[in-house]
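Taken in order, these protein sequences are the chains called F and P. Residues 74 to 370, numbered by the numbering used here, are exactly what the first sequence covers, in order. Residues 74 to 370, numbered by the numbering used here, are exactly what the second sequence covers, in order.
Take these hints with a grain of salt, some might be off.
[Said to hold, decoys possible] With beta-carbon atoms standing in for the labels, derived distance ranges:
id: 1; chain 1: F; residue 1: D303; chain 2: P; residue 2: A291; range: 42 to 48 angstroms
id: 2; chain 1: P; residue 1: A360; chain 2: F; residue 2: F238; range: 40 to 46 angstroms
id: 3; chain 1: P; residue 1: Q101; chain 2: F; residue 2: Q135; range: 21 to 27 angstroms
id: 4; chain 1: F; residue 1: E126; chain 2: P; residue 2: A255; range: 54 to 60 angstroms
id: 5; chain 1: F; residue 1: S266; chain 2: P; residue 2: A255; range: 54 to 60 angstroms
id: 6; chain 1: P; residue 1: F277; chain 2: F; residue 2: M288; range: 44 to 50 angstroms
id: 7; chain 1: P; residue 1: R114; chain 2: F; residue 2: T172; range: 38 to 44 angstroms
[Said to hold, decoys possible] Derived coverage of chain P by chain F (criterion: at least 3 residues anywhere in the stretch with Cβ under 8 angstroms from a Cβ of chain F; other residues may be distant):
id: 8; segment: 312–319
id: 9; segment: 333–346
id: 10; segment: 352–358
id: 11; segment: 363–369
If you are wondering where the hints come from, they were derived from the structure by calculation, not from laboratory data. Each residue gets a CB set at the ideal place from its N, CA and C atoms; glycine is no exception.
Number of protein chains: 2
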Amino acid sequence: MQLLECVPNVSEGRDAEVLERLVRAVRQTPGVELLDWSADRDHNRAVLTYVGEPEAVVAGTQALCREAFALIDMRKHEGAHPRLGAVDVIPLVPLRGVTTESAVALARKLGEWIGGQGVPVYYYEDAAVRPERESLPDVRRGEYEGLATRLASPEGAPDVGPAVFNARSGASIVGVRPPLIAFNVNLATTDLSVAKRIAQAVRFSGGGYRYVRAMGVALEDKGQVQVSTDITRYEKTPIHRVLETIRSEAARYGVVVAGCELVGLAPLAAFEETIRYYLQLHDFSIAQVIENRLLGE
Amino acid sequence: MQLLECVPNVSEGRDAEVLERLVRAVRQTPGVELLDWSADRDHNRAVLTYVGEPEAVVAGTQALCREAFALIDMRKHEGAHPRLGAVDVIPLVPLRGVTTESAVALARKLGEWIGGQGVPVYYYEDAAVRPERESLPDVRRGEYEGLATRLASPEGAPDVGPAVFNARSGASIVGVRPPLIAFNVNLATTDLSVAKRIAQAVRFSGGGYRYVRAMGVALEDKGQVQVSTDITRYEKTPIHRVLETIRSEAARYGVVVAGCELVGLAPLAAFEETIRYYLQLHDFSIAQVIENRLLGE
C-alpha cells in the first residue's frame, strides 16, 4: 500500500459555510481519508490533514483548490498568520511506500494544474527548484500584499503558472516534506529560562540535533515550562534521543520531566526506534506489528 | 474493522506436500491473511497464524480442517509434542473490535461444525464450558492414545460432537484466548541461576505478575542467560513493567540487560503502554498512529 499525506493550509478560518464546503470537497474524494481539520479565527486560516493513495490525494487536493479558488477572495482576507494566497501552502508528506522523488513528481503535477487555473506557484522544501526557495518562511516573505511587485521582478517569477498577479487567489506554495513529529516535554519548574536554555541546546540552530526545532514556553496553568519541539526527520533524530537529552540537560538544574505530549498524529515508523531503544529490542521492526502487516508493504 | 486472529496447531510437521495443502487451504480463503506458518519435524506439528474479519477466519479454519481431516491419519502420528488430534488446538484471538464474547460465539459455531464432521470437540480457556477444561494442558492430558478410554467415561464426554472415538482424526480443542506476547530478556551473565531466580520472581506461579509465565534459559552461543516470558494479558501486565522488574532484580546480582527479543508478531495495542511509559506521554493513544486510523475503529 502506498500512502501519501497532505496538510494544506487554506486562508479561511471564520466562515463556517465556506469551511464546510472545503472539508466536504476532500471528504467526498474517493480513496481519501480526512484524518483531521481545524480552523483558527485569529489566523483566519484552516489546516486539513488527509491521507490516501497518491493519485487520490492529488485528486482530493484539486477538489479542495477548486472550492477555495471559487469561495475565497484574498482582497478581503486579513489574519495574523503570514500567507501568499487562498490555498497558501500544500505540503505533500510521503508516509508509506512513497519515495521523496515520486512525491516531488506529484507536487509538480499538482503545481502545473494549479498554474493552469491561473494561480502562480512556488515550489518549496524537497520540491524546491531554487535553493533560495527551500525554506517556507523565505518563500512567504512579503506575503500576499507584496505579491504584485514580486511577480513583476525576475527574482519573483513563479516556478510554474502565470507571472501575473491574481488578486483573488494570490499564489500557492507546493512542496514535499517528511512527516513532522510535534513532541513537547513539560518540566517540573516554573523557571522559563531552564526551558529556553534546553531548547537552545537541543535545536539545530543552537548546535543541537540536526532535525530538531525547539523553543521554551511557559505553561502557566500547569505551573510548568515546556520545551516544545518539532522533529523534522524522526528516522535520523529519533524521539527518544530528544527526550533523553532534554532529561539529561534538565537534571543539571535539578529539574525533572513531568510529562510529554505528542501533538496530532504520527506514523507508526516514528515509534520504531522508541520501542527498540527502551525495550532494548535491537532487532525489532514495525513489520512485527500486526496492523502494519495488514496494510501491506 | 474487526480483526480476529487464529493460531491453529496441526499434527503434521514432516510431509511437505501435506503442509503445502494445509497452508494453501488458508491462503486461498478470501479475506484471510496468512501472517506466518512453521512446521517442526521433531514435534511433527505445524502452527499457522492468520487474521481477517471474524467470518473469513472461521471459513479459513474450516478449509484447513477439511484438508487436515482428509490428509492426516492420527493412527500413524508420532511426535514429541502432546496432542489429541489431527487439528489439535484452534485458539481464536480477538485483536481489534472483537469482544471475547463474540469470539466465544464463533468458537462455538466452529466447534459445532467440527462436531458435525464426526470429530469430538473440547472447549478451553475463555470458551471453556467446564472449569476443569480451562487449561489447555489439562484438556490434552492422556493425549490421542488415551482418547478412546476417555470418551467412554462420563467425565470425558466432549463439549460438542460425537462421544465416539474417531481413530483417524482424534479430537479437536477449540478456544478463545487473548493475544500472547513472547518477550525474552537476555542478561549479560552465564549464571543460569540468576535467570531462574528472576523468572521465579516475575511469574504468577512464583508470586509475580498475574499475567506472566517465565522460565530461565541458558543461551550458550551468546554466553548469556535469558528470562523467557509469555505475557498473556498485556493490557493488565504491560511489557515495560515486566522488563523493568527484570532489570531491577538483575541489578541485585550486578547483572545488566544485554538485549531483548520479541518473538513473532504483536498487535499495536501491546506497545501503547510502552510508548506512554517511556516517552512519558500520559495521554498518548494508538488513535494517534496514522496506520491505526486507516484500519478504522
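Review point. For the segment 363–369 of chain P, do three or more residues have a beta carbon lying closer than 8 angstroms to a beta carbon of chain F?
Key: holds (count 6)
Review point. According to a criterion of three or more residues whose C-beta lies within less than 8 angstroms of a C-beta of chain F, is the segment 333–346 of chain P covered?
Key: With 9 residues close enough to chain F, the hint holds.
Check your understanding: Range hint 21 to 27 angstroms: satisfied by the CB atoms of Q101(P) and Q135(F)?
Key -> violated (40 angstroms)
Point to revise | Supplied distance hint 54 to 60 angstroms, evaluated on CB atoms of E126(F) and A255(P) | key: violated (35 angstroms)
Review point. Regarding D303(F) and A291(P), is the given constraint of 42 to 48 angstroms on their beta-carbon distance met?
Key: holds (47 angstroms)
Practice item. With respect to the beta-carbon atoms only, verify the hint that R114(P) and T172(F) lie 38 to 44 angstroms apart. Key: holds (43 angstroms)
Point to revise | Within 8 angstroms of chain F (C-beta), three or more residues of the segment 352–358 of chain P | key: Contact hint for the segment 352–358 of chain P vs chain F: holds, 6 residues under 8 angstroms.
**Study point:** Coverage of the segment 312–319 of chain P by chain F, judged on three or more residues with CB within 8 angstroms
**Key:** holds (count 3)
Review point. Okay, F277(P) versus M288(F) on CB: inside 44 to 50 angstroms?
Key: 48 angstroms Cβ-Cβ, so the 44 to 50 angstroms window holds.
Point to revise | Satisfaction of the hinted span 54 to 60 angstroms by the C-beta atoms belonging to S266(F) and A255(P) | key: violated (48 angstroms)
Practice item. Determine whether the Cβ-Cβ distance between A360(P) and F238(F) falls within the hinted range of 40 to 46 angstroms. Key: Cβ of A360(P) to Cβ of F238(F): about 44 angstroms, so the range 40 to 46 angstroms holds.
The structure does not agree with the numbered hints 3, 4, 5 stated previously, though it agrees with the rest.
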